[in-house]
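Assembly of the complex is requested from the two constituent chains, each provided in isolation within its own frame, with the hints serving as guidance.
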Amino acid sequence: MQFFQLFGIAPQFSIDAPALTRKFLWLQTENHPDKFVTSDPASLRLAQQKSALINDAYSTLIIPVSRAAYLIKNRYDVEPFSETNTKIPRDFLEKQMEIHEAIIQHRHAKDSVALEHLLTELEDDVAFTEGALSRSLDVAPNKENAIEAARMLKFQSKLLEEITEAIY
Amino acid sequence: MALFQISEPGESPAPHEHRRAIGIDLGTTNSLVAAVRNSAPEVLPDRTGRRLLPSVVHYGANATQVGDAAAAQASADPRNTIASVKRLMGRSAKDVGEAIRGRYQLTENEGLLRIQTAAGALTPIEVSADILKALRARAEETLGGEIFGAVITVPAYFDDAQRQATKDAAKLAGLNVLRLLNEPTAAAVAYGLDALGEGTFMVYDLGGGTFDVSILRLTRGVFEVLATAGDAQLGGDDFDQVLADWARLQLGVRELTASQERVLLQSARRAKEQLSTQNSASITLGHAGGQTALSITREQFETLTKSLLERTMVPVKRTLRDAKLKADAVDGVVLVGGATRMPSVRNAVQSFFAKEPFCNLDPDEVVAVGAAIQANALAGNKSSQDDFLLLDVIPLSLGLEMMGGLSEKIIPRNSTIPIAKAQEFTTYKDGQTALALHVVQGERELVADCRSLARFTLRGMPPLVAGAARIRVTFQVDADGLLSVSAEENTSGVKADIVVKPSYGLSDDEIATMLQASFKSAAADKTARALAEARVEAEQLADAVQAAMLADADLLDDAERAQLNANVQTLRSAIAQTDHRAIADATTALNTLSEPFAARRMDKSVGNALRGQNINEVV
Numbered sequence: 001m002q003f004f005q006l007f008g009i010a011p012q013f014s015i016d017a018p019a020l021t022r023k024f025l026w027l028q029t030e031n032h033p034d035k036f037v038t039s040d041p042a043s044l045r046l047a048q049q050k051s052a053l054i055n056d057a058y059s060t061l062i063i064p065v066s067r068a069a070y071l072i073k074n075r076y077d078v079e080p081f082s083e084t085n086t087k088i089p090r091d092f093l094e095k096q097m098e099i100h101e102a103i104i105q106h107r108h109a110k111d112s113v114a115l116e117h118l119l120t121e122l123e124d125d126v127a128f129t130e131g132a133l134s135r136s137l138d139v140a141p142n143k144e145n146a147i148e149a150a151r152m153l154k155f156q157s158k159l160l161e162e163i164t165e166a167i168y
Numbered sequence: 001m002a003l004f005q006i007s008e009p010g011e012s013p014a015p016h017e018h019r020r021a022i023g024i025d026l027g028t029t030n031s032l033v034a035a036v037r038n039s040a041p042e043v044l045p046d047r048t049g050r051r052l053l054p055s056v057v058h059y060g061a062n063a064t065q066v067g068d069a070a071a072a073q074a075s076a077d078p079r080n081t082i083a084s085v086k087r088l089m090g091r092s093a094k095d096v097g098e099a100i101r102g103r104y105q106l107t108e109n110e111g112l113l114r115i116q117t118a119a120g121a122l123t124p125i126e127v128s129a130d131i132l133k134a135l136r137a138r139a140e141e142t143l144g145g146e147i148f149g150a151v152i153t154v155p156a157y158f159d160d161a162q163r164q165a166t167k168d169a170a171k172l173a174g175l176n177v178l179r180l181l182n183e184p185t186a187a188a189v190a191y192g193l194d195a196l197g198e199g200t201f202m203v204y205d206l207g208g209g210t211f212d213v214s215i216l217r218l219t220r221g222v223f224e225v226l227a228t229a230g231d232a233q234l235g236g237d238d239f240d241q242v243l244a245d246w247a248r249l250q251l252g253v254r255e256l257t258a259s260q261e262r263v264l265l266q267s268a269r270r271a272k273e274q275l276s277t278q279n280s281a282s283i284t285l286g287h288a289g290g291q292t293a294l295s296i297t298r299e300q301f302e303t304l305t306k307s308l309l310e311r312t313m314v315p316v317k318r319t320l321r322d323a324k325l326k327a328d329a330v331d332g333v334v335l336v337g338g339a340t341r342m343p344s345v346r347n348a349v350q351s352f353f354a355k356e357p358f359c360n361l362d363p364d365e366v367v368a369v370g371a372a373i374q375a376n377a378l379a380g381n382k383s384s385q386d387d388f389l390l391l392d393v394i395p396l397s398l399g400l401e402m403m404g405g406l407s408e409k410i411i412p413r414n415s416t417i418p419i420a421k422a423q424e425f426t427t428y429k430d431g432q433t434a435l436a437l438h439v440v441q442g443e444r445e446l447v448a449d450c451r452s453l454a455r456f457t458l459r460g461m462p463p464l465v466a467g468a469a470r471i472r473v474t475f476q477v478d479a480d481g482l483l484s485v486s487a488e489e490n491t492s493g494v495k496a497d498i499v500v501k502p503s504y505g506l507s508d509d510e511i512a513t514m515l516q517a518s519f520k521s522a523a524a525d526k527t528a529r530a531l532a533e534a535r536v537e538a539e540q541l542a543d544a545v546q547a548a549m550l551a552d553a554d555l556l557d558d559a560e561r562a563q564l565n566a567n568v569q570t571l572r573s574a575i576a577q578t579d580h581r582a583i584a585d586a587t588t589a590l591n592t593l594s595e596p597f598a599a600r601r602m603d604k605s606v607g608n609a610l611r612g613q614n615i616n617e618v619v
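Chains F and S, in that order, are what the protein sequence lines are.
Under our numbering, the letters of the first sequence match residues 1 to 168, in that order.
Under our numbering, the letters of the second sequence match residues 1 to 619, in that order.
Next comes chain S alone, as it looks inside the complex (with noise of 0.2 Å):
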């Protein structure tokens, strides 16, 4: 790994055009894409005006439809209609709730979950996709020309296995992932400093399927979350399930049909949100017998859903606690999701802090348009927003499995990202040469009541008394909030590197596999492509490397510095050569060679850097 080139913030090597860049509220129930167009963000509605993309697609024999026209779908043929995908994404048979289990003909193959349908069995990631590819040909459509990259959101309490699916969705559409941002962080750079202003805020995001709270410091544009909790598994949908289940108990209709079930949901949505804005509503329910209309009121809707609505409270104190604060030391509180526009979540929350919450922005918007901000700042296009910093935290805390099945934890909970951490073991039997690994994510002491990420093996370390080895495990979360394991043996320097492919996610041939089939681009172009990445690799390393010998020429031997002369001339006639290997193999060269000489300039540079005169000024 070469560390050349160091850039000052904010300044660029050299200036570019506007990026075409987007960010994605993937969400449960309705999906949206937003960019930002002449400095302001702005939601993409589709050719009719519609802003909302409902998460739902229908599969045919010879057609995918997506949004609208697949919901219409949902009850003429619901085995076919996917809705609220996302609460399979990740996820095994047995994380998954009856309800849905219910509704659709799962199966499950080594771990990973797929939904049969009329166009085969898929995987909840290629159904994600098929969403995002409709969200993409949305953007390119309104924005005129290819994507650059785009922010997805996810909520702040999805774990390592759902955030990599997300990944996986988003890279089988074709779409170039700038960053998995968490949707209450999204929430908040929405609103921004200007309407915020400096505090302490609290976000409450109830949306379609799932719930986050995430408490954030802002200072002087930095956006710091000092703690994250949620559930997962408990959103908007849940409410309509409430009131369906109770509609078919008032009329003492016991079995429904699929269809049945899906009109019945859908009448269940229709009242739920008729009554953020009226007294009553009526749910329809059709059955064997005909039709029959079932009168509710507001209260009895509010009784119905009392504890779900207290199940929003835990996470509520859970991120309190976390962050060390009382409730009255929240400075403001900011809603989000559509079911926020429930008048008793609006109540709870505004009598738990005696406080107004924030909600001038759309909750259904919020997500995507905060996305859309971030994404036009890591495409690095300057913009009328203020320069700002994300500092996000991951949900739960990562480790191993040790003796016994208890979970050690590496990295816990609420730890700002990103993170190294690294934590010594050693072997427990004389002579033993392997170590099995085993990443667990979770708060849980036992490893049984965690979710298992990955397991892998360090192999051929030196045969020692037991206690003698010294294994130096590292792990390694991006900002992303995507894990990688490393370890190594200390005595012996053997090695073993993973990122964890959760056992529910796919692995890259896979999704290679999947891209090729989907994307039949020609094979010249590819090569095309391939060749000019390499070479824009190849130029800037050569390039960086040479300016660094210039800078720093006081950290080489003389032996040292013709040796990699020598590989920067070999790289420079690869570079004017077009097999794009060829190249791969000298940067990798030079990368491998020039790291010694990088961690000097990394050791020289952070000691400056972080010594630097200006922390003074600041204090």
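For reference, chain F alone in the conformation it holds in the complex (with noise of 0.2 Å):
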């Protein structure tokens, strides 16, 4: 769990996003390769290699879904997204899908208004696939229904993003 470590918090799903970025941002003042510039070569080297492993923590951490996957791979040495992995409730993936039609529908009509709704409906979606992973990771540990709701998350966010994506 080094990213955790890294940021100096808990390796869990609920995090301090605010607090986060305030730790991210403290590092990279410490480690920048430009704080670096006048240090011999050698030094200007580790701190290449410091803020992109900074970059790339804070960037995974901060990221819901990739939050889920890097804990899940971490604790339970599986990768939530691999193409071997496909349990994944019916009723879910079929509600996935209709939404999937009803954005090129709205978006085809060019209709801003029934995107907005369809947007706000899936935030709250999310919000709910969300809490299921700090149940299933944080408060009551269990594998299958942790990876079972990442793979969730990870439909859902990419349906936010064709949504946002007509929407502006």
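It is worth saying that the hints were derived from the structure and are not from the lab.
Just to be clear, a hint being listed does not mean it is correct.
Said to hold, decoys possible - Straight-line Cα separation of at most 27 Å, BS3-like style, residue types lysine-lysine; simulated pairs:
id	chain 1	residue 1	chain 2	residue 2
1	F	K110	F	K158
2	S	K429	S	K495
3	F	K158	S	K326
4	S	K306	F	K110
5	F	K158	S	K324
6	F	K95	S	K306
7	F	K158	S	K171
8	S	K355	S	K317
9	S	K324	F	K154
10	F	K110	S	K326
11	F	K73	S	K421
12	S	K317	F	K154
13	S	K171	S	K133
14	F	K87	F	K110
15	F	K154	S	K326
16	F	K73	F	K143
17	F	K110	S	K317
Just so it is clear, the structure is predicted and the values come from calculations on it, not from any experiment.
Right under this line is the structure:
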């Protein structure tokens, strides 16, 4: 759980995002290569590596879906989004397909009100899935439930992107 | 790669004298050079006091002219007078708009665009280098000596090929590139925290030929770019072109000579500029039948260019979406680029954000000023400017071509740089011993819609059944936004590395040849310099290794210590001799040998630094 250690926070799904961002900025201020321009080449290279690692860690942890995947991979040694891992409730998939088709329709009809409405709905769904993740990863750890919720969040995030793309 | 001698931030191992560092805004229409002098940034004028250098180069049979002198030849000798060359940087013929294609005689050879001139067929990189040389000469004259290094600004939306081309041009002009800096970020630095305060800001940068939008978050001396977007083929030039096309249509003139076309464009530009301060202007069109003047009102102009203005709002909305912000969450908007002088641009921005934009710094100069401040900091000069840090992003996703011509994104757009990301892939055929990798940049799903950056092949893998090989591909983007890619097969350790050299760039060999041609410095000088440089690096390494061995003796066993000591001695005796190659070889040997030790130290140091108690103090 190196990424969590970097920021000195507990390896769990629920995080204090503004605090994570503050720590990220602080770490970059201390380690960014630009702070080592007058140092020797070796220190500069080290700073480059550190800075890249901090960026990778922060971008992984600040986004819920990649944070969940990182936790699952390191805790259970499972790639939640690998092709071999396909377990997902059928009714959930059907609903996602419906939303996907609705987005295409509304986009075609240039119906931004309907799209905004769909966006709010999906944001609620995302919040629900994130709740399921914090339950299955933090409160009462359950590997299978966590993997399933992570996969669901991945689907929903993709749809969220699709909607925002359609709206703006 | 050795990782020794870890200095504290802001603490240099030895004090040094002031280094002459410059910031260069290499613009489509105009270029500028600025420097921090007496702890204040200022644009450096030429001898006659002019601050803007028109980005125009005239190639005569015997002489090359840059700037106003070149621009003066535009109508008399249009084919040999190159303007707006920035639009050709890192591009192929098919990327370039028809208007520009018609203006010059372009040829393309193996993806490398060349412009036919009286001085031969020149690449856009060489033309840009001529502009940079003129700025370098101006800076050397004004600052009174050799330039230590330069920060060159590029549009935030420039892709890898365009950035690489810009860096190549700077090298060709004999400049040590301290950093490629995104133009909107430079502008934010020029305004600084003093003017802007903490908060979230948008920089709207409409230059001569490029358009950029960046959203930055300013907190406690950190300028963090949250999102960037733009259009690398949209700028003030396009407003001139629309006006010129309109004038031609109004007068029913079809065919114009290249020279008449230039005159018309210049006249259109003047009219556009006049319309920023007055309600009407006139455009003069010279043609076979003589000269005709045409009057245009500001209202007409704004109707004609409405669609161009609307195009600028697309990236504005896109950055907001990417940063997950609503327009009212933006605390201020900074206007950059000469084209933002147009009242219609100001009004559009003001009405979208319901805020008065920041435009008190000269929109033509603000980018160069920001670059100078960053150059001064990167040269290690202490300045009166507050200590600051820039965290910038890549504008376009970087990925690999997968089966079926789909692009798999490895580093998504708006990732903070520097960054390294690795992903594992496998083979799809039994006994497959090679894997072709195709690196692409862009947001589209299909590789055919993205920009192709490079292709390379990982060879010599052990023949395994399909799906058994583990190929780890690592993408690294440095602080200039430039990509390098490496691939390794994990079961065998077979490696392949590539620094992405876009198909539209120049090879290192070509650059070397050009450099040799342009600096006819004596061979002896070069050897002396190589020796001096090799010695400096070698001494630093030897010192660092010995210091590290003292500091972290517990990380080494006796055999390792003895071997390291022996290599340090070899290096020290090589330093005492005068063969720079022997020094370089010994340096490499010690570097390689000390790598495992360095890695252990890095783990320890990263752990310590990143687990530091200070974290808890700040939160």
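For each hint, the structure was consulted:
The hinted pair formed by K110 (chain F) and K158 (chain F) meets the criterion: a straight-line CA distance of about 20 Å does not exceed 27 Å. Proximity of K429 (chain S) to K495 (chain S) is assessed by CA-CA distance (about 20 Å); at most 27 Å being required, the pair is judged to hold. With a CA separation close to 20 Å, the supplied pair K158 (chain F) and K326 (chain S) stays within the 27 Å bound. Annotation: proposed proximity of K306 (chain S) to K110 (chain F) holds, straight-line Cα distance about 22 Å (limit 27 Å).
At most 27 Å may separate the alpha-carbon atoms for a hinted pair to count; K158 (chain F) and K324 (chain S) meet this at roughly 15 Å. Of the pairs offered as hints, the one joining K95 (chain F) and K306 (chain S) is violated, with about 42 Å between alpha carbons and a cut-off of 27 Å exceeded. Annotation: proposed proximity of K158 (chain F) to K171 (chain S) is violated, straight-line Cα distance about 42 Å (limit 27 Å). With a CA separation close to 16 Å, the supplied pair K355 (chain S) and K317 (chain S) stays within the 27 Å bound.
A distance of roughly 18 Å separates the Cα atoms of K324 (chain S) and K154 (chain F); the hinted pair therefore holds under the 27 Å criterion. As the CA atoms of K110 (chain F) and K326 (chain S) are separated by approximately 20 Å, the hinted pair is consistent with the 27 Å bound. Distance check on the hinted pair: K73 (chain F) and K421 (chain S) sit about 16 Å apart at the alpha-carbon level, within 27 Å; holds. Annotation: proposed proximity of K317 (chain S) to K154 (chain F) holds, straight-line Cα distance about 24 Å (limit 27 Å).
At roughly 10 Å between alpha-carbon atoms, K171 (chain S) and K133 (chain S) fall within 27 Å of each other, so this suggested pair holds. The suggested pairing of K87 (chain F) with K110 (chain F) is violated, with an alpha-carbon distance near 35 Å, which exceeds 27 Å. The straight-line distance between the Cα atoms of K154 (chain F) and K326 (chain S) is roughly 24 Å, inside the 27 Å bound, and the hint therefore holds. As the CA atoms of K73 (chain F) and K143 (chain F) are separated by approximately 11 Å, the hinted pair is consistent with the 27 Å bound.
Restraint check for K110 (chain F) and K317 (chain S): the C-alpha separation of about 17 Å stays at or below 27 Å, so the hint holds.
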